[in-house]
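Here is how the chains run, residue by residue.
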Amino acid sequence: MSVTISVQNVSKSFGETKAVDNVSFEAEEGRIFGLLGPNGAGKTTTIRMINYITLQDNGKIFINDLPVSPKTQKLIGYMPEERGLYKKMKVGEQLIYLAQLKGLNKTDAKEKITYWLKRFNAYDWHSKVVGELSKGMSQKIQFISTIVHNPEIYIFDEPFSGLDPINSELLKEIIIELKEEGNTILFSTHRMEQVEQMCDDICLFNNGKVVLTGNLRQIKKDYGKNTVLLEFQGDSSFLDELDDVRINNRSTNFAEIRILNGLNPQEILKKAMQNSEIHKFQLVEPSLNEIFISTVGEDNIKMQQEAKLL
Amino acid sequence: MNWRQTYLVLKREYLTRVKSKGFIWATILVPLGFAVLIGVGIFIAAWDSEIEFTIGVFDETGEVVATLQEIDEDRYVDYSDVPVDTLRAMVQREEITGYVIVNESHITENQNLELIYSGSGGLQLLTAVRSDFRESIRQERLRREDVSQDIRNIFESSVVIDSRRLSSEGEETDDDTEFLSVVGMFMGLIIFGAIFGYGGYIMRGVIEEKTNRIIEVIASSVKPIELLTGKMAGVGAIAITQFGIWILAFTGLSAIAGPLAASILGPDASTSQMSGELAQAEEQLPAILDIPTLETSLIVYFVIFFFLGYLLYSSLFAAIGSAADSETDTQQLMLPISAPIFIAYIIMFHAMQSPDSTLSVVGSLIPFFSPILMITRIAITEVPFWQTSTAILLMMLSFVGTMWLSAKIYQVGILSYGKTASFKDLAKWIKQS
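Residue numbers (my numbering), protein chains in the order written: chain U, 1 to 310; chain C, 1001 to 1433.
Taking lysine-lysine and the DSS-like style, the derived pairs with C-alpha atoms no more than 25 Å apart in a straight line are: (1) C:Lys-1019 / U:Lys-106; (2) C:Lys-1019 / U:Lys-128; (3) C:Lys-1019 / U:Lys-110; (4) U:Lys-18 / C:Lys-1424; (5) U:Lys-60 / C:Lys-1408; (6) U:Lys-110 / C:Lys-1011; (7) C:Lys-1011 / C:Lys-1408; (8) U:Lys-87 / C:Lys-1419; (9) C:Lys-1408 / U:Lys-74; (10) U:Lys-88 / C:Lys-1019; (11) U:Lys-88 / C:Lys-1223; (12) U:Lys-106 / C:Lys-1223; (13) C:Lys-1011 / U:Lys-74; (14) U:Lys-110 / U:Lys-90; (15) U:Lys-74 / U:Lys-106; (16) U:Lys-18 / C:Lys-1419; (17) U:Lys-71 / C:Lys-1011; (18) U:Lys-88 / C:Lys-1011; (19) U:Lys-90 / C:Lys-1019; (20) U:Lys-179 / U:Lys-118; (21) C:Lys-1011 / U:Lys-128; (22) U:Lys-90 / C:Lys-1011; (23) U:Lys-90 / C:Lys-1021; (24) C:Lys-1011 / U:Lys-112.
Because the hints were derived from the structure by calculation, they are not lab data.
Could you put the whole structure together from the sequences, leaning on the hints where they help?
Written out as structure tokens, the structure is:
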């Protein structure tokens, strides 16, 4: 398996703040790589450096063994978190412009754009001004602009934020399809549950540093099946009496309980049965969110969030 | 720098702008606006806007008031038989604007006259009253000395000085200083307007890319410096197009307007009784409608200073656009740019009067003032070659400086969202990149 994106000991500061601090990871060819972490952890800065938009202070970044440069930019299809289109330009003209900037000539660009517009049932919008399109429609045009030059590497920064459900599904399909064609995909998100379904490999970011990186299956396996999913009906106060557990995703009739200290899961079941009616009891690997919290430490995250509020 | 990318940006900037409604309207409306402005100016200047006022004259000699009434019957009223206290009361009641007491000593002893008035009427009133009294008192003095009509004529005669220019090559030409001053002012004004107009275009374009959130998509394909250069060149091409249209339209219109006006005015002229004047009138018509020819060198210099001025300022406008989060936030950031332009604008009116004064010369050599001041001076006076070449050289050097500075601000600015940067932030960005 060859390495497509290689980030080696990269750092970047903005004045006093260290946005990215000695970060290293590798994304392999033909796989989906997830960059995870809370807002402000340094994901976007890292992605911008991979895209040669921002330059790193220290360290090296290679794309297919080439140091990042305008040349490597053309190998990448990039959809930033802050994304948009020229509102006053026509869909067709705009897509041609963006494709030309990625190095395509006009004829090839036209051909590819026609293919994708037809594929997304959007060919009728060809001569419409982007400002006239609905939000969902312009999101589709945005996808096309990202993939039209047919690169081998795709980078999506928070791709699902702001997408309507239909386009969310569409993007997932595109990503899976691109992967099946052998392309490399890297995307970032602060919503862990999205990653679980799609990523092969992950890299957890916190405070500008990598806290965990590797194969998602392996990471989960290493954490063991020590999480209880409980569905119940009735009094939930027994949950508060449990010691040495962390309860995530608690609602009136559901709880995700992470056992921290070798407590026998059967004890939880017993207590639950005394108080309420059990509909489901399942032992699973911890969720990514739980893995993140236990790696970084609950207090750390809270402190960060409070600092941000101030 | 990849010139293909720059060219693609240039082409997009140019094509989207040249096809926009804004461009078409500006191309039509700006000359119209200019014409209206000039028209209004002429109208105001030509409008007989004399204010009406009455001055009571208490004349002990009885002679001066008669002359005053000859000058303006309505303005000066003889109140010689009214007590001064009543005159004061009349001023207070606003029945008259003011009063003046004239007695023998004013005529024989050169004593100052005194106008007691309500204070309204402003400078125009004071000037009118002063000149009328000066005239009347003088006439009265002349009358008393019993001077002959010949000498009175001498007093009323006017002396005219015509001027011709002698160049250092010994060539003597008609002097059009008045005309050239107006040309110089217009050229300065056009550059002044163009810097703000096209600079504003660039600034709004940068802000639009930021607010549309397309900038990062573009930045993943194009280097900031390529984007900046492409934008400046694209808007520069727009400027050439727009001026091209105006110049073509203007020359076309004046080519048509000359004969047209002659054919309309021609018959009117023939109705004037003296047939001898007819030929003369026809000869004069084209001369009025024709613009006196400008020297080619002046036009070349105009183009040079226009573009250097544009280049010097446009990158700064782009930098400000990149630092602002919305168009309304640009006000305070604009100050360092608009201040020098406005200072140059103010000095321009001084340079029109006195193009070779130290202030004008020094001002025209300061790169940020040169585009406006130097062209005004070149139009009016003979500017030594070393001055124009120094100004051009300094502007080129400054352009390298502003471009360097702007590129640094721009490449950080375009990717910072959420708040408008302060000058402190800008300094940080310059150090950082």
